[in-house]
Amino acid sequence: MAEKVRISVTVNGVQHTSEVEPRQLLVHYLRETLGLTGTHIGCDTSQCGACVVHVDGQAVKSCTVFAVQVDGSSLTTIEGLAKDGHYHPVQEGFWEKHGLQCGFCTPGMIMAAVDLLKKNPNPSEGEIRHALEGNLCRCTGYQNIVLAIQYAAAKLRGEPVTGAVADD
Amino acid sequence: MADVTKMVGKAIKRREDPKLIQGRGTFIDDIKLPGMLHAAVVRSPYAHAKIKRIDVSRALAHPGVVAVFTGEDMMDINPMPAAWQAGGVKSNAVTPRALAVGKVTHVGDGVALVVAEDRYTARDAVELVEVEYEPLPAVVDARKATEPGAPLIHEAAPNNICMEWECGSKEKADAAIASAEVVVKEEIINQRLIPTPMETRGCVARYDAATGEFTLWMTSQAPHVHRLLLTAFVFGIPETKLRCIAPNVGGGFGQKIFCYADYAFTMWAARRLGRPVKYVEERSENYKASTHGRDHVTEVEIAGTRDGKVTGLRVKTWANLGGYFSTIAGGIPTTLYGRIITGVYKIPAAHVKVWGVYTNTAMVDAYRGAGRPEASYLIERMMDRFAAEIGMDPAEVRRRNFIQPQDFPYDNGLGMLPYDSGNYEPALNKALQMVGYENFRKEQAEARKQGRYLGLGISSYVEICGVAPSAWIGAVGQGWGAGLFESANVRVHLTGKVVVTTGSLPHGQGVETTFAQIVADELGVPYEDVTIEWGDTLAAPFGYGTYGSRSLAVGGTAVHKSVQKIKEKAKIIAAHMLEAAPEDMVFENGKAYVKGSPDKAKTLAEIALQASLAYSLPPGVEPFLDETTYYDPPNCTFPFGTHIAIVEVDAETGKVELRRYVAVDDVGNIINPLIVEGQLHGGIAQGVAQALYEHGYYDEDGELRSSNLLEYAVPTAAMLPRYELDHTVTPSPVNPMGVKGAGEAGTIASAQAVMNAVIDALSPFGIKHLQMPATPERVWRAIQNSRQMRQAAD
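Just so you know, the protein sequences line up as chains A and B, in that order.
The first sequence: position 165 = 165 (full-length UniProt numbering), numbered continuously.
The second sequence: position 92 = 92 (full-length UniProt numbering), numbered continuously.
Hints should not be assumed to be uniformly reliable.
As the list claims (entries may be wrong) - One-sided and incomplete, this derived list gives chain B residues near chain A with beta-carbon spacing under 7 Å:
#  : residue
1  : K6
2  : G9
3  : A11
4  : G25
5  : S284
6  : G413
7  : L578
8  : N589
9  : L609
10 : G678
11 : A713
12 : T716
13 : L720
14 : Y723
15 : E724
Keep in mind that the hints were calculated from the coordinates and are not lab data.
All C-beta atoms, glycine included, are put in the ideal place defined by N, C-alpha and C.
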């Protein structure tokens with residue numbers, strides 16, 4: 001076993017210094033060392049995207065990155081997306097538009113969608129579908145995920161949005 | 001009195017979601033116990049081989065490894081149980097042991113277990129276990145496996161045949177076919193699929209040596225059933241010595257119903273080592289060692305008249321069971337397939353013969369739809385073949401053969417329970433209207449002149465939901481020799497808050513929201529005052545779990561019935577409080593009052609408090625509002641509808657573009673339209689995936705060539721269409737809410753809509769049938785073959 005390496009990362013605004021095995025995947029570092037289990041593992045070939053997090057503002061599949069590679073970086077995971085008790089518009093969109101069922105792919109899907117909307121604030125349906133090529137969902141058939149992202153895009157642009165029926 | 005806002009029928013957003021969208025759900029791999037060890041499995045690279053020798057010494061010497069076990073170590077527990085009564089099993093059901101002993105029967109069969117301090121070390125040590133195999137010839141195709149000279153997988157099963165089953169009347173079918181004006185024969189393959197819940201399967205086992213009790217957190221669709229099977233059958237310990245808990249479950253689609261070897265070896269290791277043990281499959285392990293679905297080879301003949309009446313159907317199916325017999329494998333290609341083979345049509349003579357066959361592949365068991373997609377695909381493809389043969393519009397052929405509204409309850413003569421209710425033609429007409437059928441045919445003709453190939457495919461389906469009645473599913477030879485009722489406990493606490501505990505096990509279906517809507521309306525309490533609990537055998541009354549689209553029709557009805565009992569008791573207590581006669585009481589909108597005097601009402605909270613403080617109750621009335629129901633319905637429910645797909649095939653590349661997908665479904669009364677639409681979307685996606693993309697493919701040596709998500713084509717967002725949904729509503733007479741179920745309908749209806757469209761598009765080439773999936777290569781080859789044959793004929 002190779003010698004452990006010291007890394008320092010900021011995750012969701014909190015700084016962590018850890019000793020990690022050089023081969024430890026970022027997703028295992030987040031889940032097992034830091035206990036941030038919202039980032040999921042759905043495959044072993046980097047297809048499913050359940051593990052997407054943001055590293056210095058870029059969406060990455062954390063199963064394809066070693067923890068040592070993010071030394072000195074600032075990360076956001078699904079747990080850090082809501083701010084001051086308010087959901088990010090993409091989270092809100094997924095809730096309003098029934099963009100999730102079992103919820104396992106959802107954290108990665110949301111993180112990928114946030115990245116998309118940063119790069120393209122007004123994506124077409126086709127652009128949304130293509131942008132999600134690295135994220136698999138087995139439950140929804142994607143239609144409501146597309147609607148959720150369109151909802152978030154409109155909200156981020158300051159346009160009026162229509163949600164689901166209120167639950168009260 | 002002002003009416004309380006009704007929740008049933010509203011598209012309420014789900015209460016399940018806030019924690020899931022924040023990454024605060026608890027899935028199996030999120031569970032971490034103090035002192036927990038990690039297990040990893042040494043799996044066979046061979047499809048069929050004798051195990052000559054296993055040397056664990058190097059693995060055991062590896063730092064951080066706590067133990068390495070083989071199948072021989074675990075002979076003190078029994079093989080996995082199975083409902084072998086189903087499907088005419090010839091008493092030779094061979095089920096897996098915790099780890100293989102003596103031989104392996106498929107790639108991925110587990111042969112040794114490594115337990116280590118951490119996940120990486122366990123994986124490292126797997127590589128250090130040396131296994132010497134003696135490879136044997138393999139067979140992967142079910143029909144070929146029954147042929148003389150095929151490799152024998154289990155001594156107890158000559159010709160690899162485990163089951164032989166039939167339904168309907170062979171005499172009548174033979175006679176109808178012999179005397180028919182038109183007979184169309186086809187070989188139809190329903191290819192193997194891999195269910196692929198995004199969360200793989202796994203468990204965490206803990207053993208308390210002081211009490212002899214296990215706790216098992218598991219990816220389960222049916223924790224009570226797992227508890228029963230693992231204790232009574234595998235470990236031979238009292239059922240009370242195991243508590244099963246299903247946390248958030250990341251999709252199931254059937255795969256998480258069954259009793260797997262890994263639950264047993266993880267429990268066994270936890271007991272042996274005195275420390276908690278976690279085992280979670282990697283995706284490639286899920287593909288190689290958890291159950292697959294479908295995999296039928298079928299020879300079918302359909303007979304009819306030139307004016308479009310179908311008079312007979314004869315079916316022979318070889319159903320692949322895999323290397324062992326899985327938990328409920330026997331019932332899938334039999335009861336849930338053969339008995340509904342005639343679909344929405346009145347076909348006077350039908351016969352189905354099924355062989356369940358061992359092969360050197362992963363086990364096959366229920367996958368979303370489970371038997372019904374195979375049946376519906378078969379009949380709907382053959383209705384199109386028949387229509388083409390007699391030169392009649394496929395919609396018209398369907399109309400001429402539909403079971404009519406006055407025929408319900410309808411006995412199809414195949415040993416199925418009677419179809420509860422239905423009205424098939426309006427759904428077909430609505431779907432045709434939505435696609436603009438007449439215009440499409442014109443557009444199609446125009447396009448063909450330009451060398452563009454458009455196709456439209458119709459699928460009119462009926463399916464079996466609310467899979468339950470114990471008297472039916474429990475009967476030997478009929479189903480699984482098990483009851484399938486569902487339970488619900490409803491309690492109104494002192495503060496008026498309502499707690500419902502269900503035996504259903506939601507894993508994405510939105511059951512918490514749906515059940516809370518029902519209870520809020522029925523009890524007249526605020527929706528947010530209703531809590532739905534599930535998933536823990538310690539907390540919930542015995543229930544059979546979630547599969548077979550039964551959560552609402554069976555589990556939901558159990559909730560509904562418990563609520564009625566609560567209301568009855570509330571009326572009795574309120575009558576006592578108001579010094580009135582119970583028979584004069586009304587319970588409405590959360591209050592009980594004497595008929596005609598709603599101003600002097602007692603609220604449910606007041607009644608619950610009275611019931612709980614209990615110092616002044618009517619004679620003979622027990623304290624507390626707490627009622628349990630075990631609901632065993634008199635029948636299944638039978639949703640139906642018509643789906644239509646429109647495709648364009650690029651004749652040069654073979655690529656199929658799915659241009660439109662229209663679905664008109666009748667799932668009875670709808671509690672939450674948002675959730676029902678979501679279920680249909682996801683269901684349709686899985687059927688479209690079967691038609692166009694997915695294939696759990698074994699090569700002839702038994703190597704799984706689609707062993708991970710790189711090779712198995714689970715569709716992405718860009719590969720699926722926008723679904724256009726509508727519905728008709730024909731309430732079910734089976735249950736008081738008139739609901740049917742929607743979990744599997746989309747999958748059952750969709751593959752044949754797409755394939756019928758593809759084949760319609762290819763009809764100018766003289767192509768009459770194509771096996772799934774309609775990949776560009778397969779379509780392109782079919783077109784080339786057709787062109788070559790035509791050239792040769794010229």
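Results for each hint:
1. The beta carbon of K6(B) is not positioned within 7 Å of any beta carbon in chain A (closest approach about 12 Å), and the interface hint is therefore violated.
2. For G9(B), the interface hint is violated, the least distance from its beta-carbon to any beta-carbon of chain A being 10 Å, above 7 Å.
3. Given the 7 Å rule on beta carbons, the hint for A11(B) holds: about 5 Å separates it from the nearest Cβ of chain A.
4. Restraint check, G25(B) versus chain A: the minimum CB separation of about 6 Å is within 7 Å; hint holds.
5. Because the beta carbon of S284(B) sits about 6 Å from the nearest beta carbon in chain A, less than 7 Å, this interface hint is met.
6. A hinted interface residue such as G413(B) counts as satisfied when its beta carbon comes closer than 7 Å to some beta carbon of chain A; here the least separation is about 35 Å, so the hint is violated.
7. Given the 7 Å rule on beta carbons, the hint for L578(B) is violated: about 31 Å separates it from the nearest Cβ of chain A.
8. Violation of the interface hint for N589(B) is found here, the shortest Cβ-Cβ separation to chain A being roughly 17 Å, above the 7 Å cut-off.
9. The restraint placing L609(B) at the interface with chain A is violated, with a minimum CB-CB distance near 24 Å, outside the 7 Å limit.
10. Hint status for G678(B) relative to chain A: holds, with the closest Cβ pair at about 5 Å, below 7 Å.
11. The beta carbon of A713(B) is not positioned within 7 Å of any beta carbon in chain A (closest approach about 10 Å), and the interface hint is therefore violated.
12. Annotation: interface hint on T716(B) holds; nearest CB of chain A at approximately 5 Å, less than 7 Å.
13. At about 6 Å, the closest approach between the beta carbon of L720(B) and any beta carbon in chain A falls short of 7 Å, and the interface hint on this residue holds.
14. At a threshold of 7 Å, the smallest CB-CB gap from Y723(B) to chain A is about 6 Å, leaving the interface hint in force.
15. Violation of the interface hint for E724(B) is found here, the shortest Cβ-Cβ separation to chain A being roughly 10 Å, above the 7 Å cut-off.
Hints 1, 2, 6, 7, 8, 9, 11 and 15 from the earlier list are contradicted by this structure; the remaining hints agree with it.
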